[in-house]
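Can you build the whole structure from these sequences, using the hints too?
Protein chains: 2
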Amino acid sequence: MVADEWKPGRVVTLKDVARHADVSISTASRALTGQRNVQTELAARVWAAAEELDYRPNVAARGLRLARTMTIGAVFNRLESPVALEVFDGLGEAAHEHGYSVLVANAGGSAGEYQVVLQRLFDQRVDALVLYRPSGVEAQLQPFHDLGVPVVAVFARGPGSGDLPLVTNGPGAAIAQAVARLAELGHRSLAYLATPVEMRDNRTTHLREESAKYGIEFAMHPLLDDRDHASIGPVVHDVMSARHRPTGLFIRYRHVPGLLQALNAGGLEIPRDVSLVSFGDAEWLQSTRPPIATINVDGQELGRAAGRAVVEWIKGTAPPAVIQPSSAYWVDRASVGPAPA
Amino acid sequence: MVADEWKPGRVVTLKDVARHADVSISTASRALTGQRNVQTELAARVWAAAEELDYRPNVAARGLRLARTMTIGAVFNRLESPVALEVFDGLGEAAHEHGYSVLVANAGGSAGEYQVVLQRLFDQRVDALVLYRPSGVEAQLQPFHDLGVPVVAVFARGPGSGDLPLVTNGPGAAIAQAVARLAELGHRSLAYLATPVEMRDNRTTHLREESAKYGIEFAMHPLLDDRDHASIGPVVHDVMSARHRPTGLFIRYRHVPGLLQALNAGGLEIPRDVSLVSFGDAEWLQSTRPPIATINVDGQELGRAAGRAVVEWIKGTAPPAVIQPSSAYWVDRASVGPAPA
DNA sequence: GTGAAAGCGCTAACAT
DNA sequence: ATGTTAGCGCTTTCAC
Chain A
1 MVADEWKPGR
11 VVTLKDVARH
21 ADVSISTASR
31 ALTGQRNVQT
41 ELAARVWAAA
51 EELDYRPNVA
61 ARGLRLARTM
71 TIGAVFNRLE
81 SPVALEVFDG
91 LGEAAHEHGY
101 SVLVANAGGS
111 AGEYQVVLQR
121 LFDQRVDALV
131 LYRPSGVEAQ
141 LQPFHDLGVP
151 VVAVFARGPG
161 SGDLPLVTNG
171 PGAAIAQAVA
181 RLAELGHRSL
191 AYLATPVEMR
201 DNRTTHLREE
211 SAKYGIEFAM
221 HPLLDDRDHA
231 SIGPVVHDVM
241 SARHRPTGLF
251 IRYRHVPGLL
261 QALNAGGLEI
271 PRDVSLVSFG
281 DAEWLQSTRP
291 PIATINVDGQ
301 ELGRAAGRAV
311 VEWIKGTAPP
321 AVIQPSSAYW
331 VDRASVGPAP
341 A
Chain B
1 MVADEWKPGR
11 VVTLKDVARH
21 ADVSISTASR
31 ALTGQRNVQT
41 ELAARVWAAA
51 EELDYRPNVA
61 ARGLRLARTM
71 TIGAVFNRLE
81 SPVALEVFDG
91 LGEAAHEHGY
101 SVLVANAGGS
111 AGEYQVVLQR
121 LFDQRVDALV
131 LYRPSGVEAQ
141 LQPFHDLGVP
151 VVAVFARGPG
161 SGDLPLVTNG
171 PGAAIAQAVA
181 RLAELGHRSL
191 AYLATPVEMR
201 DNRTTHLREE
211 SAKYGIEFAM
221 HPLLDDRDHA
231 SIGPVVHDVM
241 SARHRPTGLF
251 IRYRHVPGLL
261 QALNAGGLEI
271 PRDVSLVSFG
281 DAEWLQSTRP
291 PIATINVDGQ
301 ELGRAAGRAV
311 VEWIKGTAPP
321 AVIQPSSAYW
331 VDRASVGPAP
341 A
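Residue numbers (our numbering), protein chains in the order written: chain A, 1 to 341; chain B, 1 to 341.
Since no wrong hints were added, every one of them can be taken at face value.
Copies of the same chain look alike in the list, so a pair counts if it fits in one copy or across any two.
Calculated lysine to aspartate or glutamate pairs in the DMTMM-like style (CA-CA distance at most 25 Å, straight line): (1) K315 / E301; (2) K15 / D123; (3) K15 / E51; (4) K213 / E184.
Calculated from the structure, these hints are not laboratory results.
Spelled out as structure tokens, the structure:
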């Protein structure tokens, strides 16, 4: 057989398949979508034709009819942290598994930009929205809510994110282990260096509670919400030159390079002068000297869970307020050592 | 005014706008798409109605009609290297600037997976395809070529990628600077550690040529194409325990952690025993001790260029075989020091 | 300049 | 069980 009338630049459509199999369009459609109201023999003919013509259904067209685009919108503030990447990876995996594609967008940071990004996703009529660490986006989500489009937050949700279902993990156990280890090594004063936004994380609560258990002092120190490494320097200097300076530091992954530079500049050595724990792991944290202990998150699993959640939601079953597919885990490395005398 | 007849779960459509402005659908369309054959007064009414109803055109529907989906497909082997991320970022930026969204997919590695990913993108009828470091995908691209869908490779293209237009940068100048610096510091023997695939990069050629200029010995050493850090150990051991061991090492970013571990395990220090240059930069390379010199690529610019190229191509003007928006640059850091005696 | 109508590719009544 | 028809939201002839 020969493809009936094929022009080079034209994509083969359901009509072509139907004609080639000598059935009506609707029969072809039914056969290909696997409905039962079609004779086995005809169905076979349709499938053969489709195969031969290399027919690929136009998802957009089907979406128009079904009011589903089979795309999931994902918004990241920037794919910068390893966790964000993992989440993206896992999300894609879960989405593809269910036939969805992922339309991803980076919102650089400003609210205005976020607005634009959401608008584009709305224009594309995504079937669901996955927001990584959203913050203050409640208002801009209204159009999606009006349409009943599922929206979930992943990893964390800042203030002003309304009551989006949150896909996250429980850092409690891992933080407990970390603090226990530090207590065991004689540490009596810990600190968490974080930007004001980050401080709202439940990590803060856990750190405080666990520290209290051992009678350990715990303090938070605000970091500028700045990308510049240097900006961390003064804070570290202040913290470490105080009379009662902490002997154990917790800090988010993205600030580690800056922190290392700052400590280095101050002549402070890890773990001799201060122990260090990073929230978030990466390959290179294992090859620094010393390797840096982490409290880590299985971002991929988070992403997968988020994907599954929205797909289920699309099908009708709304998720609970919090989904916790896995727990963070504690990775002990040489950056955690005995408290200095 | 009040939204005529608005049901909660329904999205406002062009029809709604037309009715609200009391014009025909086609006039509304013309007004909103900014065609001239429409009275100023009517146009104003239409715009007002659109504004009031918060009308957002359905891109998919428009796409169906115009045979353009306004999406660009991007395929990464995995968003793992910092450059890949930057490229993605830049691509998104350029795409959005021109009204396109980016449908991104990760192909884990196997050819089969790549096939599936491409198929999904085809089903979504992406208007163009951007492939990051593609290799051996020529055959699977046929459907896109048949349809005249623009496809470009970014950063590099492996064997079997046909004659895809390539968006890349010229590493020549930067490599020349690096080798010059090493020569100046007395190095007489350099090596490039890379997986067999990576060795096909034009970096190899440049390294060889530049080394030759100074009469410097240059050797390539194959790495297993493995994600496991440990697998690099034996190779490093072999290379560094040879009688004529190199005093300067070039290696791709992603292998740096493994290399550092291996050198560390072998009791070798940078730059005392060997100097190191990484292809590809990252924040943490500045905060290791010593900081690691790099030959770096402006991935973002690459991504932007790729985006611009496919958009232009969609509009009709095919790109040249190679687009080189910027050059790689040499970043001297303390990992490059005097050759050991 | 404006509206009516056709049609992009597909699915889902509705007829038979 | 199959074909005919309508219509998803939009643009664009084609008449007037």
